[in-house]
Amino acid sequence: MKYIVYILFLFSVEVYSQNIPICNKFTDLEPRLHFENDTLYIVNFWATWCKPCVMELPYFEKIHREFANQKVKVLLISLDFPDKIETQLKPFLIRKQITAEVLVLNDGNENEWINKVSPTWSGAVPATLIFKGNKREFYEKEFNEAELSALIAKFLP
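Residue numbers are given in our numbering: position 146 of the sequence shown equals residue 146, and the series is strictly consecutive.
Among the hints, erroneous ones may be present.
[Said to hold, decoys possible] Calculated cross-link-like contacts (lysine to any residue; reagent style SDA-like; alpha-carbon spacing at most 20 Å):
#1 Lys154 <-> Phe131
#2 Lys73 <-> Glu101
#3 Lys25 <-> Asp107
#4 Lys25 <-> Asn115
#5 Lys96 <-> Leu75
#6 Lys62 <-> Tyr41
#7 Lys73 <-> Ile20
#8 Lys71 <-> Asp38
#9 Lys62 <-> Ala150
#10 Lys135 <-> Phe35
#11 Lys51 <-> Glu140
#12 Lys73 <-> Phe155
#13 Lys73 <-> Glu137
#14 Lys116 <-> Glu140
#15 Lys71 <-> Leu151
#16 Lys71 <-> Tyr59
#17 Lys51 <-> Thr87
#18 Lys25 <-> Asp83
#19 Lys62 <-> Tyr139
#20 Lys73 <-> Ile130
#21 Lys90 <-> Val43
#22 Lys25 <-> Val125
#23 Lys51 <-> Trp121
#24 Lys71 <-> Ile130
#25 Lys154 <-> Thr39
#26 Lys73 <-> Glu36
#27 Lys25 <-> Glu110
#28 Lys73 <-> Phe35
#29 Lys141 <-> Trp49
#30 Lys154 <-> Asn134
#31 Lys84 <-> Thr99
These are computed hints drawn from the structure, not numbers from a lab.
With these hints in hand, go ahead and build the complete structure from the sequences.
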């Protein structure tokens with residue numbers, strides 16, 4: 001049993017021993033917010049210092065795992081500082097067993113790109129963009145598990 005736990009721990013460390021991409025300009029990320037195909041994209045803007053973000057993150061991870069073999073993609077965009085990736089972000093992801101794709105957005109010109117995500121976004125986190133094809137919805141709020149599941153069900157056949 002100890003051996004299995006050790007192997008699982010090593011696997012989780014390996015998952016986030018890889019580099020977490022850093023987008024220093026929103027324009028590097030922006031194309032990923034505009035795919036027009038039959039995949040459902042769930043993009044969550046969050047940070048480790050945001051308590052509501054941390055509370056809802058397991059629900060996004062659950063969606064990521066439940067729909068792994070379907071056309072559903074979860075992208076977690078961290079707004080943490082890049083110098084905190086090794087000391088805070090990676091340990092957090094390991095501790096919370098997050099395997100969904102994570103990247104860091106480090107564009108300090110928030111006033112220029114926030115409206116490009118959604119004209120209704122004030123810039124507060126957590127915030128979630130959900131889109132499939134040309135249908136897009138944006139939410140500046142914390143989700144509970146039931147709310148997130150119901151919202152995703154609206155997008156899936």
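Verification of the supplied hints:
1. This hinted pair checks out: lysine 154 and phenylalanine 131 have alpha carbons roughly 11 Å apart, not beyond 20 Å.
2. A distance of roughly 9 Å separates the Cα atoms of lysine 73 and glutamate 101; the hinted pair therefore holds under the 20 Å criterion.
3. For the hint pairing lysine 25 with aspartate 107, the CA-to-CA distance comes to about 5 Å; that is within 20 Å, so the pair holds.
4. Only pairs whose Cα atoms come within 20 Å are accepted, and lysine 25 paired with asparagine 115 is accepted, the gap being roughly 15 Å.
5. Between lysine 96 and leucine 75, the direct Cα distance comes to roughly 16 Å. Compliance with the 20 Å bound is thereby established for this hinted pair.
6. Only pairs whose Cα atoms come within 20 Å are accepted, and lysine 62 paired with tyrosine 41 is accepted, the gap being roughly 14 Å.
7. Straight-line distance between C-alpha atoms of lysine 73 and isoleucine 20 comes to about 17 Å, which keeps the hinted pair within the 20 Å bound.
8. Straight-line distance between C-alpha atoms of lysine 71 and aspartate 38 comes to about 7 Å, which keeps the hinted pair within the 20 Å bound.
9. Between lysine 62 and alanine 150 the alpha-carbon distance is near 14 Å, which keeps this suggested pair within the 20 Å criterion.
10. Between lysine 135 and phenylalanine 35 the alpha-carbon distance is near 11 Å, which keeps this suggested pair within the 20 Å criterion.
11. For the proposed pair lysine 51 and glutamate 140, the alpha carbon gap of about 14 Å is at most 20 Å, so the pair holds.
12. For the proposed pair lysine 73 and phenylalanine 155, the alpha carbon gap of about 13 Å is at most 20 Å, so the pair holds.
13. Proposed proximity of lysine 73 and glutamate 137 is supported: the alpha carbons are some 15 Å apart, at most 20 Å.
14. The suggested pairing of lysine 116 with glutamate 140 holds, with an alpha-carbon distance near 14 Å, which does not exceed 20 Å.
15. For the proposed pair lysine 71 and leucine 151, the alpha carbon gap of about 16 Å is at most 20 Å, so the pair holds.
16. For the proposed pair lysine 71 and tyrosine 59, the alpha carbon gap of about 18 Å is at most 20 Å, so the pair holds.
17. Pair hint lysine 51 plus threonine 87 holds up; C-alpha atoms about 18 Å apart against a cutoff of 20 Å.
18. Distance hint between lysine 25 and aspartate 83 is fulfilled; the C-alpha atoms sit about 16 Å from each other, no more than 20 Å.
19. Note on lysine 62 and tyrosine 139: the hinted pairing holds, with a Cα-Cα distance of about 19 Å set against a maximum of 20 Å.
20. Between lysine 73 and isoleucine 130, the direct Cα distance comes to roughly 10 Å. Compliance with the 20 Å bound is thereby established for this hinted pair.
21. Taken as a hint, the lysine 90 and valine 43 pair is honoured in the structure, with Cα atoms around 19 Å apart against an allowance of 20 Å.
22. Among the hinted pairs, lysine 25 with valine 125 is consistent with the structure: their alpha-carbon atoms are about 19 Å apart, no more than 20 Å.
23. Only pairs whose Cα atoms come within 20 Å are accepted, and lysine 51 paired with tryptophan 121 is accepted, the gap being roughly 19 Å.
24. Restraint check for lysine 71 and isoleucine 130: satisfied, since their Cα atoms lie roughly 13 Å apart, inside the 20 Å limit.
25. For a cut-off of 20 Å, the pair hint linking lysine 154 to threonine 39 stands: about 13 Å separates their Cα positions.
26. Proximity of lysine 73 to glutamate 36 is assessed by CA-CA distance (about 13 Å); at most 20 Å being required, the pair is judged to hold.
27. For the proposed pair lysine 25 and glutamate 110, the alpha carbon gap of about 10 Å is at most 20 Å, so the pair holds.
28. Between lysine 73 and phenylalanine 35, the direct Cα distance comes to roughly 11 Å. Compliance with the 20 Å bound is thereby established for this hinted pair.
29. Between the alpha carbons of lysine 141 and tryptophan 49 the distance comes to roughly 16 Å, so the proposed pair stays at or under 20 Å and holds.
30. In summary, the hint linking lysine 154 to asparagine 134 is supported, as the alpha carbons are separated by about 14 Å, within the 20 Å threshold.
31. At most 20 Å may separate the alpha-carbon atoms for a hinted pair to count; lysine 84 and threonine 99 meet this at roughly 19 Å.
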